[in-house]
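Could you build the full structure based on these sequences and the hints that come with them?
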Amino acid sequence: MLKVFISKNNKMLNKKRGDKSGFIQISFAWLFAIVIGVIILFFAIYASVKLIGTEESVSSSETGKEVAVLLNPLETGFGEETTTRLTLPVESQIINGCESFGDFGEQEISVSQKKGREFTDAGVDSVAYNKYIFSNKSVQGKNFYLFSKPFEFPFKVSDLIFLTSSEESYCFTDAPEEIQEELSSLGQANLLVENCPSQSKKVCFSSDSNCDITVKENEKSVNRGEGLVYYETDALMYAAIFAEKEIYECQVQRLMKRLEALALIYNDKENIISGKGCPVEVNLLGLADSASSLKDSADLIVVKSAADDAEDENKRAYCELW
Amino acid sequence: MKNKRLSQVRSTPSMLGQRKAQMKIQQMAFMLIAVTLFLVMAGMFILVIRFSSLQDTVELLEERNALLLVSKIADSPEFSCGKAFGQPRTNCIDTDKVMALTGRLQDYSGFWGINGLEIRWIYPAGTGVECSLDNYPACGKMSILARGEGIGKENFVSLCRKEQEQDSSLVYDKCELGRIIVTD
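Chains as they are written, first to last, in the numbering used here: chain A, 38 to 359; chain B, 921 to 1104.
Since the hints were made in silico from the structure, they are not lab data. This structure is a prediction, so every number in the text was calculated from the model and none was measured. Note that beta-carbon positions come from the ideal geometry of N, C-alpha and C, so glycine has one too. Relax, there's no trap hidden among the hints.
Here chain B is said to cover these stretches of chain A; the calculated rule only asks that three of the stretch's residues, wherever they fall, bring their Cβ under 8 Å from a Cβ of chain B:
1. 65-73
2. 94-102
3. 165-177
4. 185-194
5. 347-358
Here it is in structure tokens:
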């Protein structure tokens, strides 16, 4: 307001004096309009940027949720392996998160999509409690393969899902015959048993020279260069090959929690059917105890022993529980 | 005297200019309020459209999830028959196991990511009574999760259990027709 008066006074004075010096005179209305215009423009740009960011986040979250939903058909229920190809609309990073706290832990999946040269921030996590995805923490690509295999220990605990990008291939040239046959029958393009390209990850079973991943079947261990992890059953062997150590150990913990819960359910079922002429013959509390006391994959051998005992007892039982 | 001086002050040209400027400021303020209101309304309109489409996407994904889940949940380890009734079969629920599960539902809160899960006998038609350890298997439905709001999908399933013959100690497998209802 002060400036207006000054300006007006100057104008009047200048007119009186006939002074034509180069002083730019801006009326209050113009000044006010410019200031407010700049503020409105600033807020409009700010809102647009925020809206675009939200849109990117929404898009990533939607994709993450879609991926989580698409994992449902991978529950086979028949003891068979199955593979599915997943194609995302743009090049993306699927971020695999695992938490082992709580009753069953959490499987978190989020997607970060590529915009220009960079990846956007990952969308909201899709959380699942009954899924177990084995992969690196971040898997990048446009096409992905999801290969699932049931984990039976001794009863079916869950289907394990192995997530790989079509951009990375694994070479199983010296794998045992049954593994090679299984992989060939899957027909997954990035799991090769012959004619491996030079950039593929070499998975060795018999020798450990020039290998990216070494599997020692006698020790039941896998080394990906991040330290040893241990497995029992073929399903966990694949899991150890495809997953980073941290993810693998976390998912094994989660699987043991579910194994414990299922062992207790089978124990209760045994009591229910004991009233129908089925004698109580299978000790499942030992299996539940060993599963609950697992610290890391090195303890799997203890659980395996309890699982084998339970399997033998179940096979001999008058009424099989599973 | 004081009034006279006041009227003199009011009538000065600078004060007249000030009043004019105040009017302009008022006009500008009203205009600004109108512009702001317009922008807010436009923004809200955009957000409503955006969120309605987001809501559609959420519903679509939930529906797809329920559809996929209803055909697969019967095969999950907590429900499936496994090899307990001979060869493994798809869409076969071991009701003895489900009865055991109902006693441990507190551990399974939110586990399947669904709002409701119910199993009903169709043939032979059950009594319609909720199953409990006292009346099982003379009952008609099992409400594993309370049926909440949401999209319900159902699928036909075999409901199998162990039974003992009345006049002997022989145990046999009994399978009946039922349906599983999943609400997401």
